[in-house]
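J.: Given next are the chains, with one letter for each unit.
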Amino acid sequence: MANQMPADRGQTSQTKARPHRRKGLGPMAKKEARLAFQMLLPTFAIVLAIVLIPLLANFWISFKPVKLADLRPPAPVVSERVRGDMSVAGAAFTIEYRLRGSSQSRPIKDIELVDTLPAGVTLLALDPACTANGNQILCTVELLEPGERKTLVLNAVGDDAFSAEPVSPRVSKPEISGFAENVLTSNEFTLDNFKRIFNATEFWNVLWVTMAYTIFGTIGALLFGMFAAQLLNTAFVGRPILRGLFLFPYVAPVIAVAFTWVVLLDPFSGTFNAILVRMNVTEAGINFFGQRMAEFNFFGLVVPFPLALSSVIAFEIWRYFPLSFLFILARMQSISTDMYEAAEVDGATPMQQFWHISLPQLMGILSTLFLLRFIWTFNKFDDIFLLTGGAAGTRTLTVDVYEQAFAVSNLGAGAAVAVVIFIALLLFAFFFFRFMNREES
Amino acid sequence: MRIGLGFLLAIFTGALWGMIALVLVGIALTMVTGLPGTPVVFSGIVAGAASGATISFRPAAQRSRGLAIAAFFITMLALLASALMMPFSLPLSEAPFVQGLAIALFGLSVTGGTWVCLRGIEPGANSRYKRETLLVRVFKGVGFIFFTSIVVLPFYVMVMTSLKSQQQLLLNPMDLSINLSQGPEALFRSYVELFTQFNFGRFLLVSTVVSMLTVVITLAFSIPGAYAVSRLRFPGRDLLSRSVLLIYMVPAIVLVIPLYAVFSQLGLRNSLTGLLIIYPATTVPVALYMLQGYFKGLPPELEEAGLMDGLNRIGVIFKITLPLALPALASVSLYVFMIAWNEFLFAFMFLDDPAIFTLSRGVVSLNSSEVPRQHLMAGAVVATIPIMVIFLWFERFLVQGLTAGSVKG
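Chains as they are written, first to last, in the working numbering: chain A, 1 to 441; chain B, 1 to 409.
Hint data in this document are derived by calculation from the structure and do not stem from the laboratory. As the structure is a computational prediction, the values presented were derived from the model and not from experiment. Glycine included, each C-beta is placed from N, C-alpha and C at the ideal position. There's no promise every hint is true.
Stated by the list, open to error - List time: in silico EDC-like cross-link candidates among lysine to aspartate or glutamate, alpha-carbon distance up to 16 angstroms: (1) B/Lys130 x A/Asp346; (2) B/Lys130 x A/Glu344; (3) A/Lys67 x A/Asp346; (4) A/Lys150 x A/Glu80; (5) A/Lys109 x A/Glu145; (6) A/Lys150 x A/Glu181.
As the list claims (entries may be wrong) - Per label pair, the in silico range of CB-to-CB distance: (7) B/Leu307 x A/Ala343: 50 to 60 angstroms; (8) A/Phe305 x B/Gly4: 36 to 46 angstroms; (9) A/Thr201 x B/Leu101: 31 to 41 angstroms; (10) B/Pro235 x A/Asn187: 52 to 62 angstroms; (11) B/Phe318 x A/Thr185: 40 to 50 angstroms; (12) A/Gly147 x B/Gln265: 19 to 29 angstroms; (13) A/Phe305 x B/Ile150: 13 to 23 angstroms; (14) B/Pro59 x A/His356: 48 to 58 angstroms; (15) B/Leu101 x A/Phe305: 51 to 61 angstroms; (16) B/Leu205 x A/Asn182: 55 to 65 angstroms; (17) B/Phe12 x A/Phe305: 44 to 54 angstroms; (18) B/Phe318 x A/Gly347: 54 to 64 angstroms; (19) B/Pro354 x A/Leu191: 55 to 65 angstroms; (20) B/Phe318 x A/Pro27: 18 to 28 angstroms.
Build the full structure now, drawing on both the sequences and the hints.
T.: Here it is, written out as structure tokens:
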């Protein structure tokens, strides 16, 4: 991004300098614009379908009483039975269709049942719901209440040929269809989801955890990145190797590194705990990802300490410091060495050079990084989910979406949390744009 | 010779190095050999202080090679004497060769580190400039060790754990030594089992295919888009080129519920087609952003010449723009490949059928109490190695991609 910013800037000033824009487009320009839109169409389409519409769909779902199970729409179920002896010529037998709905909570409307009788069977009496056309039977049921069972009875008799070699009417399976209102598309709305999430005391705790995770994770990653960049700013023999090495945590798949941390910090078989015990730092292994609070004895002063949350933040810093490192290093190497040489001549000490030359030059990239990383840490789901599953006081808003929607199976409540996230993001985006505008001017 | 604050600083510097070096050497010793040793930190401090004192005994300009050798031996002697001949809480008769090596390594690193830090630092009074130089050197040294350790340790543990058995792990979690005498079959048992019993060959194939197709689809969508944004004039262009990154700020978890609902109803949920719709949708905006930045940097005169010579737009893109933009295409492809390969959330939420698991999803399925830990770590290694090979091979392109893609986390 840093590389691209100057190009963007140039572009904006060019566009502003163009006078003919206000006058409407000429035929050539129209053709060019049409071509441009055609080329952008696939991108628009996929982004609209997979990102923007789902984003808005969250608002819709958050006002719906929809559970995970409701995604499978209710359907009518039929079982067919035959009573009586079909092998006696001229003896009547009955065919029964037993209907019920698959859902215990929602009705099914306009049910249609179609079946074909075997050849040689004559219908004697029909259920009032049914009509026959030759061997075709069509039955319609207007409404099936939740839990209601309905039986349709048909009387029939077979001819001699049929009785000699009876074919059960069950051989041809009845086809059944019905219409049930989908909760997702119905007119049923509710505020329960929002009441539910805002009333839970846990929710405010979730907000606090999210803020702590985001702020400390972002600042930590920035500071570590800056420290690492300072180390590699001067040229030495192993620098390319170390630079590649420092990027490992960021490049490796999240599942691999998250599970490695879980194994590494395991209280019983984890290497890190074994090292701590061996160095006499603790007596027994520490359950880094499972213990909500730890008490920290600081010269007799007992300080409570959110252990699992801190471990998760430590992971976040470890995994994302490489990104800040990469950017800050790139920026540092573009600072002209003249300034440092002049400072050396003037007798500035290393710390003074850092505070008065490097840091002011880095402020731009640091604030951009802070903003971007802040948003991305706020959005982070995978890491916490894999490390703790949101247990032990590490549940952030994003993990809460998963918990509500899929662990408690309440899609509506999950969407309500997603809406909260979305609104927070709108705020961030607002700051982001204001900040970008200021940067450019 | 005046002895003053500089001498004291030298002792502190040495003591710090002594402490760090003894702890690290001790841990390394335990990990490599499996011996239950505990480094005596106090002795490390004493030995380091002795080293600092020896070096700082002479003014900066008069430190000879002989002094370095003397400091080296004094350091080791101080270590042995203050720890009563047991610097790792082990009698020296146990694995004497390795312990001797460890002690020599300790002496060398402490003397070397202290020597470098104290270069130009006088035993007496020093200027503020020199004092800060010393501080910066110490910080840098500690930083190098710290960052290298925190990066290397998890990956080292990942690889080593995958090569051990559950009993060995529980018996001594610090023992990461490898018993080479058991032969390659026993050593790589968890890998063999992953590929024979856990179907990892298939996961590897699925991940490769999905990632590659994601790259192809992303490029097919983003190249025309990026070209339009960078070269063609149309109303709303500036807004578009800036807001495209905003799409990138939308968290996947917010999209999961609606997509889950809709894809379930369409029957796309438990299918690779579903993933191949979602992955490109999330990567196209950033690919477009990266490519348009690069396209803008290409000289438009070349393309205009192409148009003059009778090529149409598509011809210009294929024959002029794309060949010139190959490095950018490589960066974008590698970056998108990495995102698709590492993607976890959608694979986890959408895939139920083990026949179409991606590697991420496959490794998650190993995370149960019934599957031993070394299988989980072996799975992690299998998922990591391809992306690491690509990273190391194409580091320049991928780093460019990371910097241009900037924010994806």
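J.: Of all the hints given earlier, name the ones this structure violates by number, lowest first.
T.: Hints 3, 6, 9, 10, 14, 15, 16, 17, 19 contradicted; others consistent.
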